[in-house]
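As they're listed, the protein sequences go chains A and B.
The opening position of the first sequence corresponds to residue 1 in the working numbering, with each subsequent residue numbered one higher.
The opening position of the second sequence corresponds to residue 196 in the working numbering, with each subsequent residue numbered one higher.
Quick caveat, the hints were computed from the structure, so don't treat them as lab data.
Treat the hints with care, as some may be off.
[As the list claims (entries may be wrong)] Covered by chain A, according to a simulated footprint, are these stretches of chain B (three or more residues, beta-carbon under 8 Å): (1) 247-258; (2) 290-296; (3) 326-334.
[As the list claims (entries may be wrong)] Distance ranges between label pairs, derived from CB positions: (4) B:Thr-320 to A:Leu-171: 46 to 56 Å; (5) A:Gly-37 to B:Ile-353: 55 to 65 Å; (6) A:Thr-170 to B:Gln-302: 52 to 62 Å; (7) B:Arg-309 to A:Leu-171: 26 to 36 Å; (8) B:Ala-360 to A:Gly-189: 41 to 51 Å; (9) A:Ala-127 to B:Gly-225: 28 to 38 Å.
Even for Gly, the Cβ is constructed at its ideal location relative to N, Cα and C.
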Amino acid sequence: MSALRRREVVRALLVNRGDLLVVAGLGSTAWDCAATGDHPLTFPMWGGMGCAAVTGLGLALAQPARRVLVVTGDGEMLMGLGSLATIGVQRPANLSVVVIDNERYGETGMQKTHTAHGVDLAAMARAAGFASAVLVREASAIESLRQAVHHGAGPHFAQVKVVAEKEAITLPPREGTLLKNRFREALLGASASLQ
Amino acid sequence: MHQALSRLGFGVIGYVPDAGHKRLIELCHGDARLRTVVLSTEEEGIGLATGAWLGGAKTALLMQSSGVGNIVNALGVVRECRIPLLLVVTMRGEYGEFNPWQVPMGQATPEVLRAMGVLVQRADTADEVAVQVDAAARIAFGGYAAAAVLISQRVIGIKSFQEQAAQ
Numbered sequence: 001m002s003a004l005r006r007r008e009v010v011r012a013l014l015v016n017r018g019d020l021l022v023v024a025g026l027g028s029t030a031w032d033c034a035a036t037g038d039h040p041l042t043f044p045m046w047g048g049m050g051c052a053a054v055t056g057l058g059l060a061l062a063q064p065a066r067r068v069l070v071v072t073g074d075g076e077m078l079m080g081l082g083s084l085a086t087i088g089v090q091r092p093a094n095l096s097v098v099v100i101d102n103e104r105y106g107e108t109g110m111q112k113t114h115t116a117h118g119v120d121l122a123a124m125a126r127a128a129g130f131a132s133a134v135l136v137r138e139a140s141a142i143e144s145l146r147q148a149v150h151h152g153a154g155p156h157f158a159q160v161k162v163v164a165e166k167e168a169i170t171l172p173p174r175e176g177t178l179l180k181n182r183f184r185e186a187l188l189g190a191s192a193s194l195q
Numbered sequence: 196m197h198q199a200l201s202r203l204g205f206g207v208i209g210y211v212p213d214a215g216h217k218r219l220i221e222l223c224h225g226d227a228r229l230r231t232v233v234l235s236t237e238e239e240g241i242g243l244a245t246g247a248w249l250g251g252a253k254t255a256l257l258m259q260s261s262g263v264g265n266i267v268n269a270l271g272v273v274r275e276c277r278i279p280l281l282l283v284v285t286m287r288g289e290y291g292e293f294n295p296w297q298v299p300m301g302q303a304t305p306e307v308l309r310a311m312g313v314l315v316q317r318a319d320t321a322d323e324v325a326v327q328v329d330a331a332a333r334i335a336f337g338g339y340a341a342a343a344v345l346i347s348q349r350v351i352g353i354k355s356f357q358e359q360a361a362q
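So that you can see chain B by itself, here it is in the shape it has in the complex (with noise of 0.2 Å):
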């Protein structure tokens, strides 16, 4: 996903971490040509994102679903100035979620993305992530909208805090 995002000339990664992307924001961090912005909250990635296309440099945010929640007011901006932007959300709150909390917004996210007009894909398989993120990518700096892939939680791998607790 790293050498995806580089090849197709990203120039600001924001993030709030989630494992599942790790490896990944140690990658971008390690890249010189990416300057990568830690958030104090997903929100502040669209206006990010925003500042970053008036001034031409492409975005990508990564964030896992609980943010999609935080950035929905925000994502009017995006909408209505037609600013393209890339969204890596991993998922939780779905396939074998230990963490009921999680649950409510994992299961919203596609739904609240899409009455956003944020263009969903996702990728179930490991194998697949790479190829959806490049995808996404292209259908959103292609056409000036927000494109997200959903990475499944059976992808990520289940945490679980009783499994962590018993070792």
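Next up, chain A with everything else stripped away, as it sits in the complex (with noise of 0.2 Å):
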């Protein structure tokens, strides 16, 4: 049993963040990526669920200079799990994803998802290519992937697994429209919006 909790986690990951691009997936993870402050550079998404580390590997592919972070839960990377492979061929340098495995779905009544039974996600990504893949139950790890997502060669998958807890919501902006230009604004410069 892990005794990290998300909040502190995603906080560790996204302070301090230098010119880090963030995509936030569903649900509690962009609640936790709100909690630690709204960015222009983090696209929270509020559907398309299953899509949250392929649209990371979107942005890495189309800024290769910049980082990308891709923070999510369990749920929906589980949704998602040929994507591990799509991300395993293209190999992004930039690219993490790091998954907040509570081991259950927080938005709809905290049923038990499938790494409450053993799903070994991690496993996942380094069988899929990824450069990295860890599973996280100690705070003394939480150093070492945040230089991963900041500065090391992936793509790096990290699944930290933490308490099982409703935290206060925070919520981010939800308009897409909004979200998209302002991240785009803050990318690309004020032109962005010509394209």
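With the hints as a guide, bring both chains together as one complex.
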């Protein structure tokens, strides 16, 4: 049983984020990122369950000079397992996928996910060809995960086991065009609106 | 079609293969200006295109009509965020289809796309394909929308496993 708390893990990855680009999977991980602080270069997904990791892939391919972090939940990742294989083929060195794994579907009544029954996402990512894929249960491993996300040659995958708890919901903005436009302007400049 | 995609400044091509796209996929893989991404399911292409557009790159997705069934919920993302996107769909389940299992999704394809807000164009002859792709790409990226070109099974040819089995 892990004693790690999701908000602390996400905060540790996002503080002093530099020029990191972030995609947050729908549900609790989007609230976790918002709790650390709303940011134009965080794209919280409010739908498209299963698409967070591969959205990060598209961003990483389009912006090879920038670091890209996907923060998502175990339920969301389970819905897009094939994207691990797709990322494993492309092998973008600037991409990290961090799954905050509470072994629950947190938004729908805390029902157990497959990871509660032993499904090993990190092993799947390793088998798919990620440069590194780790299972994290200890606070002592978070700093090395942060180093990998911000500096290491990826693609990296981490399955971070956290306590199954309901945190206060901190909502990011939810209008899709607003989230898209502010992200693109912050990344590409004001001329992004003319593309 | 490859020339049209290249001329229009696409950066990312995502695909689940179809025999009708075979030559185009080969050309895309051989084009250093294109990042060509094989997908394990078409739905991944919607996320791929969303992320690529956030990063400033244009995406076209190649799939067959059965794949349209795999992208329906994800199309909500491109509609809500107005992500421009070109879909090039080779049709099955119409015009002389041999395999009845292809018919339901093939027949539903245009309605399913329209129900999710995708602009739908068709190419019923070979010489229409490149111009329809060009026009669909312009309306998609001019209007921040998803646009699809459905390439008729009549263009691609009818696959007959019975005939292949008899040879």
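Hint check results:
1. Against chain A, the stretch 247-258 of chain B contributes 7 residues with a C-beta closer than 8 Å to a partner C-beta. That satisfies the three-residue criterion, and the hint holds.
2. Three residues within the 8 Å Cβ limit are the bar, and the stretch 290-296 of chain B against chain A gives 0, so the coverage statement is violated.
3. Only residues whose C-beta sits within less than 8 Å of a C-beta in chain A count toward coverage, and the stretch 326-334 of chain B has 0 of them, not enough to reach three; the restraint is violated.
4. For the hinted restraint 46 to 56 Å between B:Thr-320 and A:Leu-171, the CB-CB distance of approximately 51 Å keeps it satisfied.
5. Between A:Gly-37 and B:Ile-353 the beta carbons are some 57 Å apart, a value that agrees with the proposed interval 55 to 65 Å.
6. Checked against the hint of 52 to 62 Å, the C-beta distance between A:Thr-170 and B:Gln-302 comes to roughly 45 Å, which is inconsistent with it.
7. Distance hint for B:Arg-309 and A:Leu-171: a CB-CB separation of about 32 Å, consistent with the stated range 26 to 36 Å.
8. Between B:Ala-360 and A:Gly-189, the C-beta spacing of about 58 Å breaks the proposed range 41 to 51 Å.
9. For A:Ala-127 paired with B:Gly-225, a C-beta distance near 29 Å keeps the hint of 28 to 38 Å intact.
Hint compliance for this structure: hints 2, 3, 6 and 8 are not met, and every other hint is.
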